[in-house]
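For the protein sequence lines, the chains are X and S, in the order given.
Just so you know, our numbering puts the end of the first sequence at 100, numbered straight through with nothing missing.
Just so you know, our numbering puts the end of the second sequence at 492, numbered straight through with nothing missing.
For the record, the hints were derived by calculation from the structure and aren't laboratory data.
A virtual CB, placed ideally from N, CA and C, is assigned to each residue, including glycine.
It is possible that some hints are incorrect.
[To be verified] Across the chosen pairs, the derived CB separations fall in these ranges:
| # | chain 1 | residue 1 | chain 2 | residue 2 | range |
| --- | --- | --- | --- | --- | --- |
| 1 | S | 300 | X | 6 | 27 to 33 Å |
| 2 | S | 307 | X | 37 | 43 to 49 Å |
| 3 | S | 323 | X | 85 | 47 to 53 Å |
| 4 | S | 488 | X | 29 | 52 to 58 Å |
| 5 | S | 297 | X | 89 | 38 to 44 Å |
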Amino acid sequence: MSMKFDKPMTWQELPAGCLIDERATSLHFKTGDWRSMRPLWDAEKCIHCLFCWITCPDTAITVQDGKMTGIDYDYCKGCGICAVICPPKASAIDMVREEK
Amino acid sequence: MKTIAKTGNEAMAYAMKQINPDVVAAYPITPATEIVQIFSNYVADGEVDTEFVAVESEHSALSACVGASIAGGRVMTSTSSQGLALMHEILYIAAGNRLPIVIALVNRSLSAPINIHCDHSDTMGSREAGWMQLYCANSQEAYDSLIIALKVAEQTAVPAIVSTDAFIISHAMERLEVLEDEEVQRFIGEYKPRFSALDLENPKTFGPLDLQDYFFEHKRAQIDDFSKVLGTYNKVAQEYAELSGRYYPALEEYKTDDADVAIFTAGSTADTAKEVVDGLREQGRKVGLVRMRMWRPLPVEEIKAALGKFKAVAVMDRSDTMADFGGPVFLETRGILYDAKKKPLLTDYVYGLGGRNIDISDILRVYDEIEQVAKQGKIDKLITYLGVRGEE
């Protein structure tokens with residue numbers, strides 16, 4: 001269940017059968033919260049080749065008007081493919097340890 | 101009320117016709133084939149308004165039922181044995197989503213070796229899926245129980261399996277009394293689903309991902325609702341008795357008042373055992389019978405109270421647990437009696453696997469032995485495989 005409540009509900013309070021009284025609730029479901037490594041993007045170094053965008057297994061690379069604009073950490077799993085694929089001369093993405 | 105002659109399968113199909121469900125999705129399997137075959141004739145002849153969905157497997161059959169039930173329909177299906185096994189995954193989905201689907205089931209052994217005859221290994225393998233389970237002793241009861249189960253399922257949002265014994269009941273013709281169509285309709289009432297996926301004004305999410313943060317709470321709530329089924333069943337069975345004159349308790353006791361020993365069994369064997377009890381009573385022997393009709397949810401207090409009165413009880417299991425400790429009914433009954441103040445000596449008879457005949461002489465032997473156990477105050481043999489060659 002992706003709904004956020006002020007405080008966790010007990011089993012007596014929940015609607016039966018995990019029924020949710022709205023649709024498209026997967027939009028609330030952020031899947032990037034179990035990352036152990038975080039990609040850091042350097043806008044200065046980026047040459048906007050978009051290799052990272054095309055190889056990202058999720059859709060965590062955000063792009064506008066053909067230019068990379070950043071990384072959506074709500075969905076990035078920290079796999080590091082973007083950092084590996086980034087051309088060595090540009091090397092605009094670094095992987096660092098995820099810290100709270 | 102009219103009296104007609106019907107087999108167990110015909111009786112189940114007839115009850116389904118009178119219920120007139122919105123959707124029936126089914127794949128035929130021996131010995132339950134006839135139920136939907138006869139029902140599809142009712143559909144073709146326009147005697148019901150049901151949308152009949154012919155699918156390519158039982159997995160698909162119950163999946164289609166789940167979809168139709170989420171859409172807000174009154175939904176039924178029928179199966180047996182391997183078919184129920186193939187539905188296994190979807191049994192949990194139907195129960196977890198609280199969909200009151202009803203299965204008209206015929207108990208048949210599970211392969212291998214392949215066999216089409218009666219034992220209870222199929223439904224016993226589905227005990228933990230969250231479905232109410234009723235075991236019937238004859239065609240009359242199969243007809244009545246299907247109608248009762250539908251109402252209980254819809255009131256509690258718990259799906260139900262109503263079963264008969266393969267061929268012994270499913271294909272044997274018996275005399276039974278049936279209600280008028282309108283009486284059945286009035287009894288079950290109009291189905292008012294809790295929700296409908298077709299209600300576009302109020303969109304909802306059905307069957308979402310539920311991880312560590314809420315899954316346990318949802319299961320706990322499901323378990324709690326499941327435990328209330330027995331109470332609802334008792335009420336509905338009483339209402340049905342007022343309508344039909346036939347009352348079916350969750351746990352039936354037969355000539356137990358002053359009995360020293362009893363057999364605890366289910367299905368068609370109970371009716372055979374009643375004949376034996378009558379004969380032994382004429383000889384002055386204090387024997388009785390307790391019949392399990394509802395097996396899920398487990399009527400714990402009822403079983404404890406019923407069996408606690410005897411000196412010795414023989415549990416009869418038509419399936420085995422492969423635990424090397426007897427059948428499922430035996431294991432659970434022992435569990436129930438563990439903390440009972442008064443408890444009988446309890447032995448297990450695993451019998452009738454794959455349709456092996458169980459006749460009056462077999463049951464007489466069980467009563468003879470259990471009387472011996474009561475007399476000597478101890479058990480010589482805890483588990484007996486009754487009627488199998490090579491066993492004493």
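For each hint, the structure was consulted:
The beta-carbon spacing between residue 300 of chain S and residue 6 of chain X, approximately 30 Å, falls within the hinted interval of 27 to 33 Å. Against the hinted window of 43 to 49 Å, the Cβ-Cβ separation of residue 307 of chain S and residue 37 of chain X comes to about 33 Å, which falls outside the hint. Range check, residue 323 of chain S to residue 85 of chain X: about 49 Å between beta-carbon atoms, so the 47 to 53 Å window is met. For the pair residue 488 of chain S and residue 29 of chain X, the beta carbons lie near 55 Å from each other, so the given range of 52 to 58 Å is met.
Take residue 297 of chain S and residue 89 of chain X: their Cβ atoms lie about 54 Å apart, and the range 38 to 44 Å is violated.
Hint compliance for this structure: hints 2, 5 are broken, all remaining hints hold.
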